[in-house]
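Protein chains: 2
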Amino acid sequence: MNAEKIPDIIITRLPVYLRALQRMADQGVKTTSSQELGEHVGISAAQIRKDISQFGEFGKQGTGYSISYLLDKLREILKVDRLWDVIIVGAGDMGHALARYQGFVNRGFNVVMIFDNDKSKIGQKIGDITVEDTADMIERVKVSGIKIAMLTIPASVAQETTDQLVKAGVKAILNYAPISLNVPDDVKVQYIDPATHLQKMTYYL
Amino acid sequence: MNAEKIPDIIITRLPVYLRALQRMADQGVKTTSSQELGEHVGISAAQIRKDISQFGEFGKQGTGYSISYLLDKLREILKVDRLWDVIIVGAGDMGHALARYQGFVNRGFNVVMIFDNDKSKIGQKIGDITVEDTADMIERVKVSGIKIAMLTIPASVAQETTDQLVKAGVKAILNYAPISLNVPDDVKVQYIDPATHLQKMTYYL
Numbered sequence: 010m011n012a013e014k015i016p017d018i019i020i021t022r023l024p025v026y027l028r029a030l031q032r033m034a035d036q037g038v039k040t041t042s043s044q045e046l047g048e049h050v051g052i053s054a055a056q057i058r059k060d061i062s063q064f065g066e067f068g069k070q071g072t073g074y075s076i077s078y079l080l081d082k083l084r085e086i087l088k089v090d091r092l093w094d095v096i097i098v099g100a101g102d103m104g105h106a107l108a109r110y111q112g113f114v115n116r117g118f119n120v121v122m123i124f125d126n127d128k129s130k131i132g133q134k135i136g137d138i139t140v141e142d143t144a145d146m147i148e149r150v151k152v153s154g155i156k157i158a159m160l161t162i163p164a165s166v167a168q169e170t171t172d173q174l175v176k177a178g179v180k181a182i183l184n185y186a187p188i189s190l191n192v193p194d195d196v197k198v199q200y201i202d203p204a205t206h207l208q209k210m211t212y213y214l
Numbered sequence: 010m011n012a013e014k015i016p017d018i019i020i021t022r023l024p025v026y027l028r029a030l031q032r033m034a035d036q037g038v039k040t041t042s043s044q045e046l047g048e049h050v051g052i053s054a055a056q057i058r059k060d061i062s063q064f065g066e067f068g069k070q071g072t073g074y075s076i077s078y079l080l081d082k083l084r085e086i087l088k089v090d091r092l093w094d095v096i097i098v099g100a101g102d103m104g105h106a107l108a109r110y111q112g113f114v115n116r117g118f119n120v121v122m123i124f125d126n127d128k129s130k131i132g133q134k135i136g137d138i139t140v141e142d143t144a145d146m147i148e149r150v151k152v153s154g155i156k157i158a159m160l161t162i163p164a165s166v167a168q169e170t171t172d173q174l175v176k177a178g179v180k181a182i183l184n185y186a187p188i189s190l191n192v193p194d195d196v197k198v199q200y201i202d203p204a205t206h207l208q209k210m211t212y213y214l
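The listed protein sequences correspond, in order, to chains A and B. The first sequence begins at 10 in the numbering used here and counts up one residue at a time. The second sequence begins at 10 in the numbering used here and counts up one residue at a time.
These are calculated hints, taken from the structure and not from any lab test. Worth double-checking, as some hints may not be accurate.
If several chains are the same, the list does not tell them apart, and a pair holds so long as it fits within one copy or across any two.
Under the rule of at most 27 Å between Cα atoms (straight-line distance), these lysine-lysine pairs were calculated in the DSS-like manner [stated by the list, open to error]:
no.: 1; residue 1: K209; residue 2: K197
no.: 2; residue 1: K39; residue 2: K209
no.: 3; residue 1: K59; residue 2: K39
no.: 4; residue 1: K59; residue 2: K156
no.: 5; residue 1: K197; residue 2: K59
no.: 6; residue 1: K209; residue 2: K88
no.: 7; residue 1: K209; residue 2: K156
no.: 8; residue 1: K14; residue 2: K39
no.: 9; residue 1: K134; residue 2: K14
no.: 10; residue 1: K156; residue 2: K134
no.: 11; residue 1: K197; residue 2: K156
no.: 12; residue 1: K82; residue 2: K209
no.: 13; residue 1: K14; residue 2: K209
no.: 14; residue 1: K151; residue 2: K209
no.: 15; residue 1: K197; residue 2: K151
no.: 16; residue 1: K176; residue 2: K209
no.: 17; residue 1: K156; residue 2: K130
no.: 18; residue 1: K88; residue 2: K156
Turn these sequences into a full structure, and let the hints steer you where they fit.
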């Protein structure tokens, strides 16, 4: 397996397969086919077979895929066979919702710190985590070697905060701020902006 | 302009242009170029010119684009030159965060109802909106002619709720539940799942 050669578009589909397979496993299902998986995720069986074959020969003609084996492989490929420490920057409504979200740990992520620059929020407890001062963020992230951050801050401060995080060693940012971020080539950004997502659909209404 | 001919991939980029142009307008900027816009959104100037030219001749060589004119055109194309009523299904942490989110109205969306099946939540106020019983959802959505829903419910009930919404006439669903949904061809779904988004980046770490 040559990691460098896998197209980005395939990588974006693998977490969707992983999620569907995990759900089937939770329901006690042991094996599946590309047809069945395709029905769950809305992707053609041919595409699924092609995507998965990039990483080796997982299925057998006629018997289908072993779900637990495929889960292990996908987790290994996506590097979520481990638990990544993640920080949240911004302790507003969205920061709170993410901090309390139960769906991270069993998918590879552990929220370990939350930062805000609002004095009234610093020191607050969200679940087990105490909100810390953004002024301490660079140092805390550097020392802890944290690579992943979720931004739930206003657009007006998102680029500046991103620059600080990148300087501190962060390599992956999930950005809830409604603004595009400029980052170096070795830093990945994913965007979550509900209004943008809705606007991708209104065109068709 | 022939709406049928515009590829989906272009439609997904237009809301990102719209957001960046809105931000420039808010800062008092009057004109921009494909180069400048490209730097803001991380897309090449050539791609931007090609995307925008699908809808007509908006820019002039040398003088660039009028931001207000382009904003008007993009809003018209994406049909967010009006205000769409939207419902939220699920009054948990994420439902609360979305209900209180300030960024919808100036981008074309108005949250008008929130539903939950938890008796302890029904009747609760979130901002100006009172949480209603999911049992009344189909009727309320039908009568109001609502076309857009945001789902912040557990995966286990997401498909069943989607089927009900589709029956009630909903044509666009923003799904926060961590599961792929099956919908008819004339219904659009966009997915927001933070763990999936994070898993698209860990591969590269």
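Are the CA atoms of K134 and K14 at most 27 Å apart within a copy, between copies, both, or neither?
neither (44 Å within a copy, 52 Å between copies)
For K88 vs K156, is the C-alpha pair at or below 27 Å within one copy, between two copies, both, or neither?
within (13 Å within a copy, 39 Å between copies)
When no copy is specified for K14 and K39, does a C-alpha distance of 27 Å or less occur within a copy, between copies, both, or neither?
For K14 and K39, the Cα distance exceeds 27 Å both inside one copy (30 Å) and across copies (43 Å).
Using 27 Å as the alpha carbon limit, work out where K197 and K59 are close: within a copy, between copies, both or neither.
both (25 Å within a copy, 25 Å between copies)
Could you place K209 and K156 in one of the four classes (within, between, both, neither) given a Cα distance threshold of 27 Å?
Between. Shortest inter-copy distance 14 Å satisfies the 27 Å Cα cut-off; intra-copy 30 Å does not.
Indicate which option fits the pair K197, K151 if close means a Cα-Cα distance not exceeding 27 Å: within, between, both or neither.
within (18 Å within a copy, 42 Å between copies)
Alpha-carbon proximity context of K209 and K197, limit 27 Å:
both (22 Å within a copy, 9 Å between copies)
My question is about K156 and K134: at a cut-off of 27 Å on alpha-carbon distance, are they close within one copy, between copies, both, or neither?
within (23 Å within a copy, 39 Å between copies)
Classify it for me, K176 with K209: is the Cα-Cα distance of at most 27 Å met within a copy, between copies, both or neither?
between (33 Å within a copy, 22 Å between copies)
Checking K197 and K156: alpha-carbon separation at most 27 Å within a copy, between copies, both or neither?
within (10 Å within a copy, 34 Å between copies)
Pop the pair K59 and K156 into one bin, within, between, both or neither, using alpha-carbon distances up to 27 Å.
Neither, since 31 Å and 36 Å both go past 27 Å.
Pop the pair K59 and K39 into one bin, within, between, both or neither, using alpha-carbon distances up to 27 Å.
For K59 and K39, the Cα distance is within 27 Å only inside one copy (21 Å; across copies 48 Å).
The earlier numbered hints that this structure contradicts are 4, 8 and 9.
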